[in-house]
Amino acid sequence: DAKTTQPTSMDCAEGRAANLPCNHSTISGNEYVYWYRQIHSQGPQYIIHGLKNNETNEMASLIITEDRKSSTLILPHATLRDTAVYYCIVRVSTSSNTGKLIFGQGTTLQVKP
Amino acid sequence: NAGVTQTPKFQVLKTGQSMTLQCAQDMNHEYMSWYRQDPGMGLRLIHYSVGAGITDQGEVPNGYNVSRSTTEDFPLRLLSAAPSQTSVYFCASSYLGGSYEQYFGPGTRLTVT
Chain A
36 DAKTTQPTSM DCAEGRAANL PCNHSTISGN EYVYWYRQIH SQGPQYIIHG
86 LKNNETNEMA SLIITEDRKS STLILPHATL RDTAVYYCIV RVSTSSNTGK
136 LIFGQGTTLQ VKP
Chain B
10 NAGVTQTPKF QVLKTGQSMT LQCAQDMNHE YMSWYRQDPG MGLRLIHYSV
60 GAGITDQGEV PNGYNVSRST TEDFPLRLLS AAPSQTSVYF CASSYLGGSY
110 EQYFGPGTRL TVT
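Residue numbers (this note's numbering), protein chains in the order written: chain A, 36 to 148; chain B, 10 to 122.
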């Protein structure tokens, strides 16, 4: 699975959009980009994933560049409860995929009032 | 659905003691895994299973055993606890295939003195 690079930490004002970048320059064609977050030592929580196209769900939007070498997770209206560590993970998608996730250090997002 | 459940929530062991961390899921997921998270670090994969009777090692398997006799349960056994195994342990499950998200349990905080 490709390696990812994320900033160590970011701040965001409450109510503003939080844009979390992720570089995955060695990503291959069959690798998905996943985002998880971990709020204060709870179990990680799935946010969103995508392959090529931009994706949106009730929690966030995922923007993947055309060359797929980087992506951005967007929390449209950050709240204090979005303060967490955000992990960007790339993973091969095949029918026999074992499901392994390799976590890096992630980005600590601090949402401030 | 209860999702992924883990017991106990907290445990203190003395060096050399053995114990089993329990993990169960009620979503009929084929894939289950165990991670450990040390303070300030990301999650590291210990062992995983792609179905009943099938297990494999992750990044940090030494000192731990697993078995998968049913789809629902995936216990993690510490054979002879060491202070280096002080950590928070998370269990996760998902359907097989790279495009499925993983669901994480709430974690077990283990201290080995």
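Honestly, I wouldn't trust all of these hints.
[Unchecked claim] Label-pair ranges, simulated between beta-carbon atoms:
1) B/Tyr104 x A/Glu93: 16 to 22 Å
2) B/Leu88 x A/Pro111: 22 to 28 Å
3) A/Ile98 x B/Val21: 43 to 49 Å
[As the list claims (entries may be wrong)] Listed below are several chain A residues computed to face chain B (Cβ distance under 7 Å; list not exhaustive):
4) Cys47
5) Gly50
6) Tyr81
7) Pro111
8) Gln140
It is worth saying that the hints were derived from the structure and are not from the lab. Don't be surprised by glycine CBs; every beta carbon is placed ideally from N, CA and C.
The hints, checked one at a time:
A hinted range of 16 to 22 Å for the beta carbons of B/Tyr104 and A/Glu93 is consistent with their spacing of about 21 Å. At roughly 48 Å, the beta carbons of B/Leu88 and A/Pro111 sit outside the given window of 22 to 28 Å. The hinted window of 43 to 49 Å between A/Ile98 and B/Val21 holds, with their beta carbons roughly 45 Å apart. Annotation: interface hint on A/Cys47 violated; nearest CB of chain B at approximately 21 Å, more than 7 Å.
Annotation: interface hint on A/Gly50 violated; nearest CB of chain B at approximately 28 Å, more than 7 Å. The restraint placing A/Tyr81 at the interface with chain B holds, with a minimum CB-CB distance near 4 Å, inside the 7 Å limit. With a cut of 7 Å, the hint placing A/Pro111 at the interface with chain B is violated, because the nearest CB-to-CB distance is about 20 Å. The restraint placing A/Gln140 at the interface with chain B holds, with a minimum CB-CB distance near 5 Å, inside the 7 Å limit.
Violated hints for the displayed structure, listed by number in ascending order: 2, 4, 5, 7.
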